[in-house]
Every structure is written in structure tokens, then in C-alpha cells.
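Here are the chains, one letter per residue:
Number of protein chains: 2
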Amino acid sequence: MATSQRPTVGFVGLGAMGFGMAANLVKEGYTVRGYDVFPKSIERFQQAGGIAAASLSNSASGCEYYICMVATALQAQAALFDSEDAIVPGKHPVCHSKGIQFTDPNYPIALPQGATLLLCSTVPSSYAHSFPSQLPSIGRSDIFFVDAPVSCSARRAANGTLSIMAGASDAALAKGKEILAVMSDTNKLYLVPGGIGQGSNMKMVHQVLAGIQILAASEAMGFAARLGLDPAQTYDAVVKSESNSWMFENRGQRMLEEKYSTHVESALTIILKDVGIITAMSRVHAFPTPLVTAAEQVYLQGLSAGFGPNDDSGMVRMYCPDPLNGASDKTSDDSQTAAAKMALVLSLLRYVHIAAAAEAIAYANSLNIDLAQFYELVCAAAGGSAMFSDRGARMIRGIVQSALGIKEAEGEVGTIDEAAGELSAVVQEAQNLKCPLYLGGAALNLFLLAKRRGLGGEPDTTVIGVWGP
Amino acid sequence: MATSQRPTVGFVGLGAMGFGMAANLVKEGYTVRGYDVFPKSIERFQQAGGIAAASLSNSASGCEYYICMVATALQAQAALFDSEDAIVPGKHPVCHSKGIQFTDPNYPIALPQGATLLLCSTVPSSYAHSFPSQLPSIGRSDIFFVDAPVSCSARRAANGTLSIMAGASDAALAKGKEILAVMSDTNKLYLVPGGIGQGSNMKMVHQVLAGIQILAASEAMGFAARLGLDPAQTYDAVVKSESNSWMFENRGQRMLEEKYSTHVESALTIILKDVGIITAMSRVHAFPTPLVTAAEQVYLQGLSAGFGPNDDSGMVRMYCPDPLNGASDKTSDDSQTAAAKMALVLSLLRYVHIAAAAEAIAYANSLNIDLAQFYELVCAAAGGSAMFSDRGARMIRGIVQSALGIKEAEGEVGTIDEAAGELSAVVQEAQNLKCPLYLGGAALNLFLLAKRRGLGGEPDTTVIGVWGP
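These protein sequence lines map, in sequence, to chains A and B. When you line the first sequence up against this note's numbering, it's residues 1 to 469, in that order. When you line the second sequence up against this note's numbering, it's residues 470 to 938, in that order.
I should point out that these hints are in silico values taken from the structure, not numbers from a laboratory. A couple of the hints might just be wrong.
[Claimed, not checked] Only pairs whose alpha carbons sit at most 25 Å apart, straight line, appear in this in silico SDA-like list of lysine to any residue:
| hint | chain 1 | residue 1 | chain 2 | residue 2 |
| --- | --- | --- | --- | --- |
| 1 | B | Lys903 | A | His285 |
| 2 | A | Lys434 | B | Val733 |
| 3 | B | Lys903 | A | Pro321 |
| 4 | B | Lys903 | A | Ser304 |
| 5 | B | Lys728 | A | Ala305 |
| 6 | B | Lys903 | A | Leu303 |
| 7 | A | Lys434 | B | Lys876 |
| 8 | B | Lys903 | A | Ala73 |
| 9 | A | Lys434 | B | Ala841 |
| 10 | B | Lys876 | A | Ser304 |
| 11 | A | Lys407 | B | Arg922 |
| 12 | A | Lys434 | B | Lys742 |
| 13 | A | Lys259 | B | Ala774 |
| 14 | A | Lys273 | B | Gly890 |
| 15 | B | Lys903 | A | Ala78 |
| 16 | A | Lys273 | B | Glu891 |
| 17 | A | Lys407 | B | Ala774 |
| 18 | A | Lys434 | B | Ser595 |
| 19 | B | Lys903 | A | Glu265 |
| 20 | B | Lys903 | A | Gly306 |
| 21 | B | Lys496 | B | Lys742 |
| 22 | B | Lys657 | B | Ala623 |
| 23 | A | Lys434 | B | Lys496 |
| 24 | B | Lys876 | A | Val37 |
| 25 | A | Lys434 | B | Arg922 |
| 26 | B | Lys742 | A | Val264 |
| 27 | B | Lys903 | A | Gln75 |
| 28 | B | Lys903 | A | Lys407 |
| 29 | B | Lys903 | A | Pro469 |
| 30 | B | Lys742 | A | Asp322 |
| 31 | B | Lys903 | A | Leu433 |
| 32 | A | Lys434 | B | Ser773 |
Given only the sequences and the hints, what does the whole structure look like? Please build it.
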């Protein structure tokens, strides 16, 4: 790769994910001008071969591409438009008063004409939707805008193997595709139909699963510890079962380490922000999200307990305040009892994951998200679970078939009655142990509501009918 | 009242409520033989004029009536039947081996023939249902059994003005009525149709409201404090509004005092027990209880935080860990802003109370509870609220009218759309403040589910339709 041929990229937001993304672009031969509110982050980026921008507007200087990876919509708005020294505005007020054009090479102070702006921060789709009117309102219709939230870990950001959900006009997508391809895994660059806003919506419905399943992992491991099960054995049992999820496998590992404040891969505040976007947008869309709502309140309680800067796997302490290791009941080695207890933990995750799949798919469908693409994306990303892979496919086929007016028999799964019965036994045992089960309780109520609607004998996937008319 | 004419009453469970009830019977001229596992409680009862029984069976000696007021079904079962020295069994093993009859005046060691046993503990109806088979199985078909849980405060127990919900055979009710009348307010003795079990079910559906509204009071006062509102002003505003409830008025007062560990009128563990009965029975009945389920998890979290022995009003600390007094924003005296904030708090309670009324009435209806009696009882008891009085009546009329196949217009109330809209604004503001709103969030989802079912333009009372087929 000849460095000289690569265009210059501006970058704001050099946090855990942003740093990895920006450093990867440097590695791939791009000239990257990086900025962050924390000088230390800029310094680190400079050490990784980046150019330290002196200011927001300076980071945009001469850039064909600009990537915004700050934490929130509020920060994005300030950095891109509302700061005195903002990234996008074409004219620096002082320079303008001197009659100097913003394109004057001596004053490279804002995003050049015809640049492509990629908003990779996770934001409400309503914010992404504001760009097609905000840009013209400041005379910058020349900018190509791509709504392109990303998913996955800091490690994959640094490797250029992110999942990216990009929504934009065809022209903007054509412009942005090159750089999106560099940042993402070949198979994980999703060009989302529906244009601006649908990228953010796609990310959001993915985060419905992530937000529920991060807490579900804590709920399961905490419940297991309260049952007296060994955490490592629980982890192994779940991971090799169909109760597994990407989040359980990932977060469960860190629960075994129990270094929530020193080994922070993803802070509680991050998932809390994403979950907050979901419930805020669900209020705008008047869409009920019982599981995400329940999860959000527990995350807020965790925040109030001081867990905000900790790894989100530390939420297990909301269920089992004592260390997991050492909580297991070494006196009882009755393997039959242990097996029965483990079955409860597996049931909990299984049914929470089915209910989560229903909540996410029902929401995605109501937002006119391409469900086939959503399915493919989730299965390859952090929102995936064995239950989503199986039940999610059935739910989506059900929606498609219902739209087409056909009803095709599927291989058998358990019924709503069985789900309600098994989950009841789990919740009862947790009650006996005085262990809260926020998600287990909320999921059980969804299966019971489905039962009230006459779906008792139907497949457990019909729990999605709770969201129906 | 001539003391000599009054029959002897046995009593087990001399806790806060039980002591008041037993002492009141003494005051009314009954000879009362009291027992408790705590010797200090027996001593105190003796000082109040009661007879200190030496054992469980001794407390039953020569008693025409026996009242069981222990804390749980487990305790009741042990005291009444399963202890070596149990209250009910007709034959003391040792005495029997000597050929001595249990009616021998020298060995007055168990409940006499034809006695009336009143189970006043709050127990699952399934436990009350066990008596008609348990009693014959030990040869005690002679006992008249009344399932008679009570409600209200220790003060009213001591005054003989409790609410009592009594279910039994006609014969047992005829026997028990005298003593039930002494313990209860004239207007608050409810002879519940449907026999044994329905007394406990009636109590249970009343506790659906109590369990939700105790936490709702904390949620509202905590949210108000996080908004910067003055707690005393909040209390006054709620109490004089239609967002008021018996629980808010009662618990809110103690939140102003903030002496949760020293001024304990009703411990968290008590409501947690009642709520546990509700969710356990709701699993047996396959009835969804989203609000009580949410409340239970928060109570369990409170237990885990060490609040168990504290007054349940101390649950406000789950929402606002800092003292309420002093948390108010004295710097902002913009009365318009304060009024807008107060409106959010009032909305929160209003809609949680409407949703709670729906959950309780739907559950009562599914249990074939007499809804008119339930309504009357709630309005006069600790589960009452202004919203229950108004919306509850409308919901019950709706159920009755629907059963009769008629549809009569009612005076107007807000719509589901309005409820969802106003409650969304509340939940959004709480999210901005990072304040959990477990009940507000769960109630909002119920209104949104109703909207999904096409009830958007219908009265807010139609939220009960979420539990429909």
C-alpha cells in the first residue's frame, strides 16, 4: 500500500474504540488527524503514528473523510456543529471577517468541500435524521453524510474487523464505502436499506439483545452462585449448551476473574448509554420494551452503587454481593442436586434469550428493518445467542409467512406452556433464595401474557405475539 | 361486659400485629392464652393481662377459639400440626400412651373438640385450602376452620378495628363471627363468598395494591428528591391530589422523618413476604403480574442492601441514596419549573396507581373474587388510592357490563395515548437524572402494550385489556 495514495482522514473521539479504529487507519496507510478532549488520548494516538490535531476544526483540515466516534449524540452535536471551533462549519468566524475563504490553505480550519462525514457514534436514529436538514441549514449540502454505527470490541476496532451498519444516500455510500471497508470485516459491513437513520436503528435493535444479554449473563452467574454452584463449572455448562450467548461467553469469562474495576473492557456506563437510547427511542415509537426497561433500571441501580466505571460484567454483584469464587457450596457434592440446579440456570438463560429475541425482532419489524439482514448481523455479532439463531429464525419466518398469507409447519420446539412452567420453577427457586431475577421475572410475565392470549399450546416463539394487535 | 361469660381464646404469634390483637381481646374481657417463640413477647403479653402459655399445646388448652397469627404458612404448619407439641392434634403422644384422654382436665394439652380455629396469618390460598383435608387426616374433622387474614396497622389491631377477610363454611363462619367482630371494625369485616381460600385470595389481591404502592411511594419521593423538589412540599402536593394513596400518605410521612431503622412500623421483610406469596401464587395460577414482579425484585435488592429489618419506607434509598431532607435544590426557586417537576411526580403516581388497579382487578377477576366486595374493601383499606376509587370502579363496571353484554358510556377520563404520553415524559426525565423508575417503566410498558392492541384512543382504564385474551 502506497501511503501517498491514501486520503487524509479526520477523527474525533479517541477512546477505547475510537483509538483502535483510528490507529488501524494509520496502520492501513491513511494520514489520520486525531482529536480528543483528553490531551493524553491525543498523545497516545500520536505515538501510534497519527497526527495530533490542535483543535476540533484543525482535525478536519484537508480531510476527504471525517469520522466522528465520540460517546454521545450530545457530544457529536457539540463537536461537529455547535462549538465555536466546530468540525463541520465552512467558515471560521474570525477568518471570515477578514475576507479570507475557508478553503484558503493557510487557514485549513474546517471540513473541506465534498468531504464524507461518517458518524460512527451510537446515537438515536432521530439524531442521525437531523443531518439532512442540519447540513443545508449551515450551507454545507456539499458534505456526504453516512450514518454508520459500529459494533464489537476494542480489539476488533484495532484489527479493522468491526461490524458496521451503514445507512446513507447511494452517493454518500459510494463515497464512504472505501473507508468503511477498511474498518470492518469483509462479511460484517452491512449497507442497511432505508437510508440515513436506519443504520442507527439497526444498531439500536442489535443493542436490544446486547443490553438484555449483558445483564442476563450477570443474572445467570449470580443466581448460580446463590444456588451454590461453582462459577467455572457454570460457565462451562452454559457455554457448551444452547443457553449460550456471545455476551455470556464474553462477560462470563470476566466474572470468573472478578477484576471489575481493574480489567475494564466495556464500562457499565457504555451499555447504560446504549440502553438509554433504546428506551428513549421506544418511547418516541410508542413501542413496549419490557426486558430492556427492566435491564435499564438495574444498570441505573448499579450506577448508583458506584459500578459505573467498572466493567459491565461487574453487574453480577447486584445478584450476588459476595465474590463468586468461594461462594459455591463445597459441602454439597451431590451431583444429582447440582445437575438440577444447573438445569435451572440453563433454563433461565434459555427463556430470557427467547424473550429477548422476540422483543428485538418485534421492535426491528416495527421499524421496517430488513429482518433477514438483521438476523445475519446479529448471528455474527455481540447480540448473538444460540436461541436467537434458532428461535429468531423461526420468528422471522413466521412474520414473513404471515405477511405472505402462508402458514408452514416447522420442526417442533417447546410450547409457551412449557416455557412458562420451566421458567416458573426457576423464578420460584430464586425467590426461595431471596435472589432478585429482574429479567427472569419479566420474561416469565411475557410468556404468561402470551398464555392469556390463548397461545399456551403454541410454540415458545409465539411469545412475540405479545407485541401484536 | 361480664368477663366470666366470654370464652377462652388461644393465640400464637405475639408480634407487632398479634400482640395488639391478643391484648385487645383481653381488653374486651376474653381469657386469652398466648404463646410465642420469643419468651419476651409472652412476658409482655402477660403484663397486658394475658395468660402466659407454657407451650404451643398449652396455649390451646380449654380454648373455644384459637387464633394463629404467626408470620408465615411454614410457621403456621409447624405450630398447628407438625411440632411435637402442636396446637391442633387431639392426643399428646405421651399422655396417650398412658391411656389418658386429651380432654382430661389434668392434661389440657391440645385444641378441644369443636373449637373454632382462625388462621389470621397471611398465607397462600393454597395453604388455606389444605385444611379441609389436613384436619380430617389427623382425625380432627370436629374443628371449625376459618381462613381469615387481616389487614392494616398494629394500632388498629390493638383497637379491634382491623379489616378482616374471612372465608369458611357457613357453619364455621357462624361460629367464628363473634370473635371476628371483636377484632374488626364493624364495616371492615368481610365475609368473603367462596369459602376457604377465598379469604386468603382476597387478602392477596389487596396486597397486590399494597405491594406496588408501598414501593411507588418510595419511587415518587426518591424521584422528587432527584428532581430537586422539597420532600415536605412533595408530600403535601401528593396527599391533596388524586395521585394520593393510603400507602403514600402513610409511608411518605415516615420518609420525611427518615428514621428507617429506629422507627419501624412495618419492616421490609413483611411486605416482601406478602409480595412473595402473590408472585408464587401468580405462577401457580399462570397469571402475569408485571408490576408486583418488578416491585419484588427491588425489595429483594433492598434486602440485599441490608434494609430488611428497616421500615419499608426506607426503600426510598434505592432511588435516592442521600437523605431526602437537604437534597432539595434550594438554589432554584423558579416556581414554574418546580410546578412542572411536581407535575411529573404526580403523573408517575397517577399512572402507576391506574396500572396497579388494573393488575389487581384483573387478577381478582381471574380468581372469581367478588369484585364489588373487593372494591369496597380496598377503598377502606391500606391498598386504597384515589385512582383505585375512580378508575377501579370504572374497570369493575366494565367487566360486569361486558359479562352482561352491555356497553354504557361513562364520564370521560384520559386516554391510553395520554397516559403513555405523560408517563413517557416522566420516565424520560428520570432517565436524564439517572434515577431508576422500576414501576414507572413497567407501567409505561403496560400502556404501550395496550396501545399495540389498538386501545390508544380508549380510556386509560382499558389498560386492563392487556390481561385479556
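Here is what the structure says about each hint:
| no. | hint | in the structure |
| --- | --- | --- |
| 1 | B:Lys903 <-> A:His285 | holds, 21 Å |
| 2 | A:Lys434 <-> B:Val733 | holds, 21 Å |
| 3 | B:Lys903 <-> A:Pro321 | holds, 22 Å |
| 4 | B:Lys903 <-> A:Ser304 | holds, 8 Å |
| 5 | B:Lys728 <-> A:Ala305 | holds, 22 Å |
| 6 | B:Lys903 <-> A:Leu303 | holds, 8 Å |
| 7 | A:Lys434 <-> B:Lys876 | violated, 45 Å |
| 8 | B:Lys903 <-> A:Ala73 | holds, 17 Å |
| 9 | A:Lys434 <-> B:Ala841 | violated, 35 Å |
| 10 | B:Lys876 <-> A:Ser304 | violated, 49 Å |
| 11 | A:Lys407 <-> B:Arg922 | holds, 23 Å |
| 12 | A:Lys434 <-> B:Lys742 | holds, 10 Å |
| 13 | A:Lys259 <-> B:Ala774 | holds, 22 Å |
| 14 | A:Lys273 <-> B:Gly890 | holds, 22 Å |
| 15 | B:Lys903 <-> A:Ala78 | holds, 22 Å |
| 16 | A:Lys273 <-> B:Glu891 | holds, 23 Å |
| 17 | A:Lys407 <-> B:Ala774 | violated, 51 Å |
| 18 | A:Lys434 <-> B:Ser595 | holds, 21 Å |
| 19 | B:Lys903 <-> A:Glu265 | holds, 22 Å |
| 20 | B:Lys903 <-> A:Gly306 | holds, 12 Å |
| 21 | B:Lys496 <-> B:Lys742 | violated, 30 Å |
| 22 | B:Lys657 <-> B:Ala623 | holds, 16 Å |
| 23 | A:Lys434 <-> B:Lys496 | violated, 39 Å |
| 24 | B:Lys876 <-> A:Val37 | violated, 63 Å |
| 25 | A:Lys434 <-> B:Arg922 | violated, 35 Å |
| 26 | B:Lys742 <-> A:Val264 | violated, 38 Å |
| 27 | B:Lys903 <-> A:Gln75 | holds, 18 Å |
| 28 | B:Lys903 <-> A:Lys407 | violated, 45 Å |
| 29 | B:Lys903 <-> A:Pro469 | violated, 32 Å |
| 30 | B:Lys742 <-> A:Asp322 | holds, 24 Å |
| 31 | B:Lys903 <-> A:Leu433 | violated, 29 Å |
| 32 | A:Lys434 <-> B:Ser773 | holds, 8 Å |
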